[in-house]
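Undergrad: Residues per chain, in single letters:
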Amino acid sequence: MDQRIVDKLSGTGLLTQESRDKLQQPRLFSIHWEVNTLLYLGVLLLSGGLGILVYKNIDTIGHQAILLLIGLTCGLCFMYAYKKKRPFSRHKVLAPNVGWDYVVLLGCLLFITFVTYLQAQYNVFGTRYGSATFIPMLVLLFSAYYFDHLGVLSLAITNFAAWMGIAITPYEILTSNHFNTDTRLIFTGILLGVILIAAGYLSEYFDFKKHFTFTYDNFGVHILFISLLAGMFVMPSYFFFFLGLLAFSAFCYWQSKKRRSFYFMMITTLYLYIALGYLVIRMLFFSGGSADPIGALYLALFYFIGSAVAMVLFLIRQNKKLKHDRI
Amino acid sequence: MIAYNVTGLDHAVIRDQAQAAYDRGNISAGEFTGIMDAFPEILYSPNFFIRIGLFLLTTVIAICALGLMALITIGGLTESFFGVLLLFSGGCMYALLEMWWIKDKDHYRSGIDDALTWISAVSALTGFMLLVNLDPGTSFGCAAACGIATWMTIRFADMIMGLVAFSAGIAWIFFAGFEISPVVADFMPFIIMAASFGAYRWFEQMRRKKKLRHYENSLIVLSTAALITLYMAGNYFVVREMGASLLGKTGTVPIGWLFWILTFVIPAVYIYLGIRRKHRILLRSGLVLLGMIVFTVRYYHSLMPIESAMVLGGVVLVVVAWGVIRYLKQPRNGFTYEADETAEEMTGLKAAEAIIIAQTFHKTPQPDDSFKFGGGTGGGGGASGEY
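One line per chain: the protein sequences are G and E, in this order. Under the working numbering, residue 327 is the last one in the first sequence; the count climbs by one each step, no gaps. Under the working numbering, residue 387 is the last one in the second sequence; the count climbs by one each step, no gaps.
You can take every hint at face value.
Residues from chain E shown here face chain G by an in silico Cβ test under 7 Å; the list is partial: (1) N26; (2) F49; (3) V311.
20 Å max Cα-Cα, derived PhoX-like pairs, lysine-lysine: (4) K320(G) - K257(G); (5) K105(E) - K323(G); (6) K209(G) - K350(E); (7) K258(G) - K320(G); (8) K257(G) - K323(G); (9) K257(G) - K210(G); (10) K209(G) - K85(G); (11) K8(G) - K22(G); (12) K323(G) - K258(G); (13) K320(G) - K105(E); (14) K8(G) - K209(E); (15) K321(G) - K257(G); (16) K105(E) - K321(G); (17) K211(E) - K8(G); (18) K258(G) - K210(G); (19) K92(G) - K209(G); (20) K329(E) - K84(G); (21) K85(G) - K350(E); (22) K92(G) - K210(G); (23) K350(E) - K210(G); (24) K209(G) - K258(G); (25) K258(G) - K321(G); (26) K210(E) - K8(G); (27) K278(E) - K329(E); (28) K350(E) - K92(G); (29) K85(G) - K329(E).
Hints in this document: simulated from the structure, not taken from any laboratory. The beta carbon of each residue, even a glycine, is placed where N, CA and C say it ideally should be.
Produce the complete structure using the sequences and hints provided.
TA: Right under this line is the structure:
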């Protein structure tokens, strides 16, 4: 608390002397995030650099030494992680010490590099489609649960998505998925979204690593909404996708009210707004209503203003409700 | 001065800090409710995510309204007419923002006021530029942008708007110097450094004034920006490449040794002073600028291939961080590694960190694939939520 505010509050008798003393103790200067960022960048550089190093030296004698180095470092990381870890529990387990999170992360990343290399060079896992991504995914998933690591869990989820053939990371979800040329991706995305949301739901229902729910849901909700929207945009039976989206929005609305999540409330509203807007545009301009394009344009603009105002009012109302529920 | 209800702003700050003190167990429940009752919520500030939603929707409404106006007047649509239209709609939105949303509805950081601030500023600037027919690259355009953004910062204390105002101001000095004479352009690095240094001192002074307490966050951003431009103006890479592209001077820079020294010394000074004075802005700016040193050196002197440099850099970073953590196992000299955040805040930050990890690490290097090192997009592993 600021000195000014402490003085003001104790001047009006709102603070006891004891609290005042507590608040006036010199606060320690925390460099938690600075150090963590350095560690994170270190892990990023190290795993990336070792990965490139192997492939650049692939035809020289050195590459086996490098491979050995990667294997050894990876083994050391996992050994350290295993020795220091707290006993497994179905609930949240805190990290035993501060650098441990990053050791687990580095170990997992180096393991992926190792496996990918073995597959590329010696074809260890055979040529059956996907085994080279499937096995690392299993290891990541196991590590995520075993070591209770959210970062590794999200890596496992992205790898699972990659194994199914779809990109799910925040940046690539819109840039790398070509829904319009490969309509199969739409169904893959819907399936993936349903699986992830089910995983999140089950985690909560069985109270097994409940705190993983948000990560599952976050990836699942976005990929499912985006796939449904893509279905509306490119498939001839767009209305079925719209109905699906409507049903899913209702589900999300119900869930976000239950969990008091402002975040899911916001994204549900925005995705639904896009879907409705598309539907109106399509009806105005493409379904034979193009006799008077200027008139249609007027209608469209009025629709967007009116509906956005309605959505604003809806969000303000929901904000009040969710906040009220919380207190 | 600031447009928002000042009592409301004070109450909001006190309520925030009381909540934080209560979460950390520094005040009792009775004291907490007493404070909450004594300082009721006056301003309307919804949840952060609701704010994002309201921001986007307000932007949609404003753009559609502008489209509607353009559509109605489509017959006489010349460039200058469009300029007038933009100025007019910018003025309307500004009036709505001031008279209705802030004065009447007491919205503060609700997404609606943020959106209207930005849209009215952008449309006023664009309208103005269309009317006077100027390239935004010239010093006049920068001055206009700086003027509008400064006004908006003073009224609404928007952090990013402050950043725009400062950048436009620096750009104005820069281009004006070129327009005056080439002799001035030769001294540009020193002029910008002096201006940034002066600005930094000034911002830090203002930060201590009680009267300007509502601008605290804006001033933090401005101080950081001034430190960064101070460094960039003296950085060897920036000086050389700017000279080459704007003045056509290729080859080595005169008194290049001085710029090399500045390139190395300034971040070290920032970090040293940041630790000495426990000054977070200096410390963080110094740490970020370390990356710029590496980049500058590697650009001109390839000491080793990129992958070896990455491995070496990674090892150094991990070892340094590990050493600091070991050293600070017990808090020493007023420093601690323990996070300031409460457990609840940490849960949110951890979830955000997981998404950053997924984004930055999702690609493993593959053979026969021109693997590009695409890190750094996520930047810091969750350096937000600090202030």
